[in-house]
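Make a model of the complete structure from these sequences and hints.
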Amino acid sequence: MEKTTLFDKIWDSHVVRHVPAGPDVFFIDKHFIHEVTSPVAFLNLEKRGIGVKYPERTIATPDHNVPTVDQDQTIKDKLSRMQVEKLRENCKKYGIELHDLGTAHHGIVHVIGPELGVTQPGMTIVCGDSHTSTHGAFGAIAFGIGTSEVEMVLATQCIMQSKPKKMRISVEGELGKGVTSKDIILYIISKISAAGATGYFVEYAGSAIQSLSMEARMTICNMSIEMGARGGLIAPDETTFNYLKGRQYAPKGEEWEKAVSFWNTLKTDEGAVFDKEYQFDAADIEPMITYGTNPGMGIKVKDRIPTTEVMEGSNKTSYLKSLEYMGFQPGEQVKGKQVDYVFVGSCTNGRIEDIRAVAEFVKGKKKAENITAWIVPGSREVEKLAHEEGLVKILEEAGFELRQPGCSACLAMNDDKIPAGKYAVSTSNRNFEGRQGPGARTMLASPLTVAAVAVTGRITDPREVFEN
Amino acid sequence: MAYDKFTVLRDTAVPLPTENVDTDQIIPARFLKATERTGFGDNLFRDWRYDVEGNPKKDFVLNDPTYSGKILVAGKNFGSGSSREHAVWALYDYGFRCVVSSFFADIFKNNCLNIGVLPVTVSPEFADKLFAAIEADPKTEIEVNLLEQKITLLSTGESETFDINEYKKSNMQNGFDDIDYLLNMSDEIEAFAASR
Ligand code: SF4
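Going down the list, the sequences are from chains A and B. All the letters of the first sequence, read from the start, carry residue numbers 24 to 491 under the working numbering. All the letters of the second sequence, read from the start, carry residue numbers 953 to 1148 under the working numbering.
Some clues are possibly wrong.
[As the list claims (entries may be wrong)] Derived DSSO-like pairs (lysine-lysine); straight-line CA-CA distance at most 30 Å:
1. B/Lys1009 - A/Lys339
2. A/Lys186 - A/Lys26
3. A/Lys281 - A/Lys299
4. A/Lys445 - B/Lys985
5. A/Lys70 - B/Lys1121
6. A/Lys32 - B/Lys1010
7. A/Lys339 - B/Lys1091
8. A/Lys344 - B/Lys1010
9. B/Lys1022 - A/Lys344
10. B/Lys1081 - A/Lys344
11. A/Lys445 - B/Lys1009
12. A/Lys32 - A/Lys281
13. B/Lys1102 - A/Lys186
14. A/Lys339 - B/Lys1121
15. B/Lys1022 - A/Lys339
16. A/Lys70 - B/Lys1022
17. A/Lys299 - B/Lys1121
18. B/Lys1010 - A/Lys188
19. B/Lys1010 - A/Lys339
20. B/Lys1121 - A/Lys186
21. B/Lys985 - A/Lys109
22. A/Lys445 - B/Lys1010
23. B/Lys985 - A/Lys344
None of these hints come from the bench; they were simulated from the model.
Structure (C-alpha cells):
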C-alpha cells in the first residue's frame, strides 16, 4: 500500500469531489464562528434566500471585540454591541449552539473548542480566524477561512480548497529548564521566516513535540500561520486521548472505545514522503523574544538584534522600517530594556497551564513599578480553575490585574489597548504594527519570560530569575 | 456574492514595495466592527495613511496624487497574518481590482479570488521591473490579461505569464463564486454528510 502522511489520510477522506483542473470540494466536520467574521456571511445567506444546512455542526461564541470587564452588563461600545447582538440573533434564528458572554463555556473560540471536547482527532475544522490551526494539536486538519468561505460552510458544509503541500518539522531531544513550547515555535519561525511555510500544511513530530502536554501542543499549532502555513497538526496519542476523555462532547462508553481505535490509526506511515522537511534539536532552543513587526523576527533573549549585514532574503528598507517602529537599532541587545506592559492571554497562551506557570513564577514576588500587568484567561473555564486553584490570589498579590475572558489586547478591538510608543511583552501571537493598539510596540514571548519581565520590569531571560 | 467580471484590465498602478504587509495594516482590527460589507475602503491602510488626528500622512503612497489606478503592485509576502476578508473588501472598496506581488499569503489569496480581486504572482525580477517603471513614470500602464494569463508592462512590452487554476479563472471571468458551484451539487454533499 502507498505510504501516506497523517495529513493525506484526513484530507483525502474529506474530499467530496475533485474539480477537474480546480480545487477539491472539501467537507467540514466542525465549524466555529464568532461575532466579527460571521455577520456578512449570514447577511449574504439571507440575500440568497438560503439557510444554514447543518446547524448542529457549527458552534458560536463572541470573543474578538467583547469587553473584559463588566461582562454581565450591556456592552458600551455601540458597534461591538451590534456585532454581538447580530451573532445572538443569527444563532437563535438558525438553531446554532452559542456560548454567550457569562455562560460556563464562554471564551476564545480556540480555547473552548478543545475544552468542550468538540475538537477531536481526524476531523476537519474551520473558522473565520487564522488561528484555527490551534485545533491541529489534536490531529485534526484545522485552518482559518475568509467570510465568503464561512458563508459556504453555513450554506453547504463544504468549501473549495486546493490541497496544500506537506511539510514535516521534527524537534528531537529534551527541552532545557525554562524553555517552553512557545519558545519552540518562536524559534522555528525565526529559522523558517514569517513566510517560510506558505503553501504548506505542517506536521510537527519528534520526541520533543511528543513530550508536550495538549496545552503546549496547541501553542505550537496555533502559531503555524505565523510562518505562512495553512495549519499544523500533531499525531494523536495517549496525551490526546487522556485530555479528551470525559469532556462534554467527547464520545462516551462503547463509542469512546471505537473512537480511540480509529484515532490510533491516525499516523504518518513510516517512509511517507513530505514535500519539505526540517529538523531541529531541542537542546539548541532557549527562551525567545521578538524584536520586530512580524513573528519571524525573533531571537534568543540573550542575543543581539541582527545587523543588516547578516540578514538574508529580506529587503533592508522593510527591515529598518520595522526596527524604527519598534524603536530599536540593528545589533542592539534587547535584554535589559525597560518594558511598560505585560499581557498574558490569547488563544496562544491563555490556557490554564499558562496561568499556572505565571503564578508559580511570581508567587511571593511583586511586579515591577513600571509595569502594568494584565492577565486575561482564554475562557470562563480557565478563569474558574484559576480561582479554584488559588492562582488568582497569587497573581493579584503580585500586582497583576485579572480580566474577564476574550481576545482582549491580543488584537485590541475592545478597550484593552497598549498606548502608542509603549512596549508590551505579550504571550499572544502577533507583533504586527498597531496590533495591540495604534503605535503599540509588541514583543512576543513565553508566559515564563513574560512573568520574568513583569517582576524585573525589563527584558529578562527567565532562567536568570530562577537561579536567584 | 457575485462581483464584477474580470477579463482584461489596463491601467496605471500604485506601488507599495514594503515586504510582509499583513492584513492588520491593510485594515486594522478596530475597523472590523461593521455588520455589512461596504465602506471599508475609507480605512484601507488606515494607520499608514492617516496620523492619530486623522490627517493624511504625506509620505504614504495612497496620499500621493502622482499614483493612481486599479492595480496595486505590492512587496513580497503580501496579505500575511489574520484571515480577515475585510482586508480584500477594503482593497476592492477603495477601487483596486488586481494585486501584483512576487509572493502572497495563502488565505489572503483565497479571499481575493473569492470576491473578485485578481492576485497575480510574478517573479521577483518582474516585480522589481514594475516598481522601477512606475517610479520612473507614474503614468506607465500595465495590462493584466486573465484570458491569456499574462501581465505586460506596456511601456517596454515586457511580459510574464501567471498561474491560476482553470476553475478559478472561469469564476473570475464570469463573476461567479464558489457557493453557486456548491449549491449545485447539494445532493452529492448530502450523501457524503450522511456517511459521516
Ligand atoms: S486571541 Fe488573538 S489570535 Fe486568538 S482568536 Fe483572538 S484575536 Fe485571534
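Hints versus structure:
no. : hint                 : in the structure
1   : B/Lys1009 - A/Lys339 : holds (22 Å)
2   : A/Lys186 - A/Lys26   : holds (17 Å)
3   : A/Lys281 - A/Lys299  : violated (34 Å)
4   : A/Lys445 - B/Lys985  : holds (25 Å)
5   : A/Lys70 - B/Lys1121  : holds (25 Å)
6   : A/Lys32 - B/Lys1010  : violated (53 Å)
7   : A/Lys339 - B/Lys1091 : holds (27 Å)
8   : A/Lys344 - B/Lys1010 : holds (17 Å)
9   : B/Lys1022 - A/Lys344 : holds (26 Å)
10  : B/Lys1081 - A/Lys344 : holds (22 Å)
11  : A/Lys445 - B/Lys1009 : holds (22 Å)
12  : A/Lys32 - A/Lys281   : holds (18 Å)
13  : B/Lys1102 - A/Lys186 : holds (25 Å)
14  : A/Lys339 - B/Lys1121 : violated (36 Å)
15  : B/Lys1022 - A/Lys339 : holds (28 Å)
16  : A/Lys70 - B/Lys1022  : holds (28 Å)
17  : A/Lys299 - B/Lys1121 : holds (28 Å)
18  : B/Lys1010 - A/Lys188 : violated (42 Å)
19  : B/Lys1010 - A/Lys339 : holds (22 Å)
20  : B/Lys1121 - A/Lys186 : holds (17 Å)
21  : B/Lys985 - A/Lys109  : holds (11 Å)
22  : A/Lys445 - B/Lys1010 : holds (25 Å)
23  : B/Lys985 - A/Lys344  : holds (29 Å)
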